[in-house]
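There are 6 protein chains.
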Amino acid sequence: MPIITIKLAKGRTREQKQQFVEMVTQEAVKTLNVKKEWVTVIFEEYERDNWATSGQLHSIKLGDGFGQ
Amino acid sequence: MPIITIKLAKGRTREQKQQFVEMVTQEAVKTLNVKKEWVTVIFEEYERDNWATSGQLHSIKLGDGFGQ
Amino acid sequence: MPIITIKLAKGRTREQKQQFVEMVTQEAVKTLNVKKEWVTVIFEEYERDNWATSGQLHSIKLGDGFGQ
Amino acid sequence: MPIITIKLAKGRTREQKQQFVEMVTQEAVKTLNVKKEWVTVIFEEYERDNWATSGQLHSIKLGDGFGQ
Amino acid sequence: MPIITIKLAKGRTREQKQQFVEMVTQEAVKTLNVKKEWVTVIFEEYERDNWATSGQLHSIKLGDGFGQ
Amino acid sequence: MPIITIKLAKGRTREQKQQFVEMVTQEAVKTLNVKKEWVTVIFEEYERDNWATSGQLHSIKLGDGFGQ
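Protein sequence lines, in the order shown, are assigned to chains A, B, C, D, E and F.
Residue numbers 1 to 68, in my numbering, belong to the letters of the first sequence in order.
Residue numbers 69 to 136, in my numbering, belong to the letters of the second sequence in order.
Residue numbers 137 to 204, in my numbering, belong to the letters of the third sequence in order.
Residue numbers 205 to 272, in my numbering, belong to the letters of the fourth sequence in order.
Residue numbers 273 to 340, in my numbering, belong to the letters of the fifth sequence in order.
Residue numbers 341 to 408, in my numbering, belong to the letters of the sixth sequence in order.
Read the hints as simulated data drawn from the structure, not as lab findings.
Some hints here could point you the wrong way.
What the hints assert, rightly or not - The calculated lysine-lysine pairs, modelled on DSSO-like cross-linking and capped at a C-alpha distance of 30 Å, are: (1) B/LYS78 / B/LYS104; (2) E/LYS307 / D/LYS265; (3) A/LYS61 / A/LYS30; (4) E/LYS302 / F/LYS401; (5) A/LYS35 / F/LYS401.
The structure presented is a predicted model; accordingly, all values stated were derived computationally and were not measured.
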């Protein structure tokens with residue numbers, strides 16, 4: 001415990017993921033009172049063809065790519 | 069809220085997914101009393117090598133492909 | 137296949153859930169080309185203390201309750 | 205996008221959760237290049253009777269409670 | 273790795289869960305070539321009001337209870 | 341019910357998966373008192389770039405590959 005899963009669009013770099021992992025793990029240790037070695041972080045990446053909000057696939061609404 | 073996730077075999081077209089998204093979003097708004105912009109729909113696609121029922125992988129039981 | 141999971145706030149009635157299940161199952165059969173007996177629908181219900189958007193727990197942002 | 209889910213033992217306070225949500229949301233905006241209003245954070249809490257590592261339920265291994 | 277999650281109806285005893293955890297962990301070590309201490313097993317329990325197959329909630333189809 | 345999901349590193353063979361599925365399904369029938377045809381087993385495979393423990397991505401900590 002804990003297991004932290006991030007579902008997001010495909011495309012982040014290893015560096016972005018590693019930085020996010022470091023910060024989220026530190027925060028879990030500090031705020032949720034757990035040991036660093038207990039924390040698992042998992043990224044689950046999606047094509048925009050597999051993600052929809054307000055009734056529309058993001059591939060149609062936003063075209064390809066990810067983020068802002 | 070709500071987040072609706074569909075786990076299914078790989079292979080549907082964008083059109084099939086978009087049609088399903090529209091209907092499921094409408095139904096959530098009507099039946100579950102939520103706003104359209106609150107609804108997220110996610111497709112998680114699987115190879116038949118990663119899905120088993122009754123103790124057998126679908127790749128062995130059904131061969132390749134998806135659906136009926 | 138498919139397994140359809142709905143994550144939403146606690147509070148819907150059995151009737152609302154049954155109506156949603158019927159419609160979503162019908163839609164899956166029609167649009168995703170699967171058999172009715174293949175479709176599993178799961179509701180995962182959350183307290184507003186366990187759901188946050190834009191950096192704020194819904195229990196703080198919206199108080200108790202669910203839906204519109 | 206993104207949806208961040210934290211699976212952990214039951215027991216954290218609203219304040220702990222809110223603090224963790226704020227930090228994780230800020231970090232997602234900064235590192236993963238997304239907008240604050242796109243970020244959803246979900247807590248999924250477990251009894252120690254429903255969590256096992258190294259072949260043993262935590263309720264047997266650790267007794268009741270959570271964290272360090 | 274690996275994380276093994278079992279979604280099932282509420283009602284099993286601690287003994288049933290512990291026995292299942294032991295066997296599944298052993299099997300993962302033997303067949304998937306992992307170390308015992310890497311294996312996490314999680315039970316996610318559901319009321320029959322939150323689970324449906326073939327378009328019908330199990331609470332309506334089967335009444336209360338679980339298993340065979 | 342039950343749905344058993346295994347999240348693990350990419351790389352196991354069809355034979356390894358089929359053997360694991362057979363044993364886990366048998367164990368579920370015996371210990372959790374369910375019918376064989378009720379049991380669904382799903383494999384969710386991850387690159388080491390998408391999995392981190394103790395604040396570090398496994399791709400950085402362990403390089404490529406999987407298992408012991």
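Hinted pair B/LYS78 and B/LYS104, Cα distance within 30 Å: holds (27 Å)
E/LYS302 paired with F/LYS401 [C-alpha distance capped at 30 Å]: Between E/LYS302 and F/LYS401 the Cα gap is close to 24 Å, so the pair holds against 30 Å.
30 Å Cα cutoff - pair E/LYS307, D/LYS265: The given pair, whose Cα atoms are some 18 Å apart, holds under the 30 Å limit.
Satisfaction of hint between A/LYS30 and A/LYS61, Cα-Cα up to 30 Å: Not OK: A/LYS61 and A/LYS30 at ~39 Å, beyond 30 Å, violated.
30 Å limit on alpha-carbon distance, applied to hinted pair A/LYS35 and F/LYS401: holds (18 Å)
Checked against the numbered hints above, the structure violates only hint 3.
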